[in-house]
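S.K.: As a plain string of letters, each chain reads:
2 protein chains.
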Amino acid sequence: MTEDGSGREALVPKAVVSRLSLYLRELQHLHRKDQKTISSSKLGRALGFSAAQVRKDFAYFGQFGYPGIGYRCEELIDKIKRILGTDKTWPVVLVGCGNMGQALLGYRGFAKQGFDVVAVVDVDENVLGKAFEGLVVEHIDRLPDIVKQHSLQVAILAVPANAAAAAAEQILNSGITGILNFAPVTLSVPKSVSLVEVDLAMELEQLAFSVFQNKTQ
Amino acid sequence: MTEDGSGREALVPKAVVSRLSLYLRELQHLHRKDQKTISSSKLGRALGFSAAQVRKDFAYFGQFGYPGIGYRCEELIDKIKRILGTDKTWPVVLVGCGNMGQALLGYRGFAKQGFDVVAVVDVDENVLGKAFEGLVVEHIDRLPDIVKQHSLQVAILAVPANAAAAAAEQILNSGITGILNFAPVTLSVPKSVSLVEVDLAMELEQLAFSVFQNKTQ
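Residue numbers (my numbering), protein chains in the order written: chain E, 28 to 244; chain C, 28 to 244.
Only chain E is shown next, with the shape it has when bound in the complex:
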């Protein structure tokens, strides 16, 4: 483990990485309000974790706090971004240019998080050859060439459920090592491939709880 996170453990639990995102969001919020420093207990309290949990999470990556001061917000934001790998730009290919794909193409958040969609592929003749957000949709069979040409590692999968397995296979055969899956199915991929599935179900549960709770108070 080193201070800059470059020697971080390979076996960081997923839940820790997911809490890094929560810490980052809270720190960015504090930074916008011009708060310079924060203690582990206050950072934890804002998110419902203990101070010990906060310190333990960061300990996977190094020693980020200052005795008597706590964490320096701006510095910790930079360190977390470097750990997450969102401090630089990742070129990505969008697989699927239907409604979900087009919606994602227009989503500003990708660029903000350092993901730059450089190519779009599909199999549907209705979209092939057409341009969306300045990108001409190419046939999915061109994926290996596109991956080589742009040195891509990441694909965003946004096809209907029934097309997901076949599309995922083509993605894996093209040499891609990271998939962000918006298709409402669980994919199985080799261990060497990173897979993040967007779990809208979880967001819905959080909303249901919140509405239900307000109603029954």
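Hints were generated in silico from the structure; no laboratory data involved.
Hints are all accurate, no fakes.
Which copy? The list can't say, so a pair holds if one copy fits it or any two copies do.
Keeping only pairs whose Cα atoms sit at most 20 Å apart, straight-line, the calculated SDA-like set for lysine to any residue is: (1) Lys157 with Gly125; (2) Lys175 with Glu196; (3) Lys69 with Ser48; (4) Lys41 with His56; (5) Lys115 with Asp143; (6) Lys69 with Gln80; (7) Lys60 with Val212; (8) Lys41 with Met229; (9) Lys41 with Ser77; (10) Lys41 with Glu53; (11) Lys41 with Leu74; (12) Lys41 with Gln240; (13) Lys218 with Leu74; (14) Lys83 with Arg99; (15) Lys60 with Ser215.
All values reported here derive from a predicted model rather than from experimental measurement.
We have chain E already, so just place chain C on it with the hints.
M.R.: Chain C in isolation, oriented as in the chain E frame:
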């Protein structure tokens, strides 16, 4: 606090509710594999939490474990669903029928989580009066009538960023008390309104970390 969760605390931290979703997902996974019971330490380990954290989280809602047995998976699944409010069906209105809205209309996960889209509204003449997934798009000005007619509490907001604030105002004026926001902007709503914002940025960070980590190993 009571055993069935009906008297649960109003001040359950958001992070606890969010962990309930994670526990639920893991329990459903175990249940599909025919596992009958699990200990708090094993449930915690699978998600990167301590046994104490697991027990503390459930303690907000009652006493769910059995001494010497642990948790009964199927029973705990039902209890968590009842706590989250996803054990019943919520009728919802979809506000915005562009690419994102249409993609969401086709998303099977909503129904699976007990959300039933019963109406769609927009302002765009290109979609008004047209039917998507069996629902005819109505003008957003009809929202108060629609909300009354179906006794709605929840709206899904899926409009472009520049239209989000105006649409949110119309939603709030219609009597809706819960919003699932897919528009890439942060909305401010009164405290009495439940707001869940779908944070694609977080998913992207998790993916970046995972790809980056594989690469640097």
